[in-house]
Amino acid sequence: MKTFVKTQPHWVLALILIFGAAIYWGLIATDRYVSRAHIVLESPEVNMSSMNISSLLSGTQGSGDLLLLRDHLLSVTMLRKLQQDLNLREHYAQGFIDSWSRLEAEEVPIEVFHEYMLNYISVEFDEYASILKIQVQAFDKAMAQDIVEALLEEGEQHMNSMGQRLAQEQVDFIEEQATVAEERLFEARDQMLQFQNEHGLVSPSQTVEAIFMTVSQLKAQLASLEARKKALMSYQSERSSEIIRLSSEISSLEQQVEIEQAKMARQSGDALNETSSRFETLQLKAEFALQLYTNTITALESTRIEAARKLKQVSVLEFPTLPEYSTRPDRLYNIVVFLLFTVFIAAIAHLARAIIRDHKH
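Going by our numbering, the first residue of the sequence shown is number 1155, and it counts up by one from there.
Derived by calculation from the structure, the hints in this document are not laboratory data.
Wrong hints could be hidden among the right ones.
[As the list claims (entries may be wrong)] For each label pair, taking beta carbons as the anchor points, the in silico distance ranges come out as:
1. Val1230 to Val1491: 26 to 36 Å
2. Val1325 to Arg1485: 35 to 45 Å
3. Thr1184 to Asp1225: 22 to 32 Å
4. Leu1471 to Glu1260: 47 to 57 Å
5. Thr1452 to Asn1273: 46 to 56 Å
6. Leu1167 to Ser1229: 40 to 50 Å
7. Val1266 to Glu1329: 42 to 52 Å
Ideal Cβ placement from N, Cα and C applies to all residues, glycine included.
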């Protein structure tokens, strides 16, 4: 036996390690209970062209959001929240837990505690199915389930708050712009109504058009009378009653044309063409304010819908399980794997010693 120990120390060490591992995993290692949950992250997809209940209920999911959620679930921030709600330090530092599995002390720094907990909290992203697989190991059945439930609840709240923060800022900004646009619209309309009341005109541009038509008709009549007078002058004297009557009508028409033209373009400040120009300017301002207000309201509704779409809902495919018996550590598997690995390393050491010994001889 002593000869074997001296000549084959690597095999002796391998046997000691295998024996120690078998004792630890077979007798000493504390049972751990595993709770699992499978989730997807969905958000409502709102169709602007068909705004109905069904469009709010349908949803989409993206791998980017799931990866963000995974990162948060494994973060120090989440660990602090779990510690606050469930007191994980006390649970994982209990005295009945074997020394290799136990948290060395409740007061360890958060960095050490976080690294320790990553061995017991697993969040895997399934790219093919686009789901998150959450697995938590604890030394109590209920605690394992409670941790998974807390992860789901806090994860959903975090994703919603993260998306809603920016969306709400956008909504608030556009609401302010909508209020300003509404005030500008009312102000422009009030100015236009006040202008109409001051000048007693509903639409100066239409009034100008009507005067143009009147002037055109008067000029046509005037031209007709002048042509008739010229024809009569060829065989009647200027003092004839017919010529005098036509001259009187022509004079009246000329005066009326001058009056109508003066309405449109008097040299004073309240000329009708100037009034029409000012009214059209006010009308354009009112139309622009209305268009701006309409666009702002449309943008506001779109932003609100986008804010609703950013709401995230954690849809649970497999609810957090309550384990009935411990499945960790996998004692037989660990012992067999450790045995094979140790034997493999020992065999390499044995081969290396044999090669060295042959070279010496």
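Outcome of the hint check:
| no. | hint | result |
| --- | --- | --- |
| 1 | Val1230 to Val1491: 26 to 36 Å | holds (32 Å) |
| 2 | Val1325 to Arg1485: 35 to 45 Å | violated (57 Å) |
| 3 | Thr1184 to Asp1225: 22 to 32 Å | holds (30 Å) |
| 4 | Leu1471 to Glu1260: 47 to 57 Å | violated (35 Å) |
| 5 | Thr1452 to Asn1273: 46 to 56 Å | holds (53 Å) |
| 6 | Leu1167 to Ser1229: 40 to 50 Å | holds (41 Å) |
| 7 | Val1266 to Glu1329: 42 to 52 Å | holds (48 Å) |
Checked against the numbered hints above, the structure violates hints 2, 4; every other hint is satisfied.
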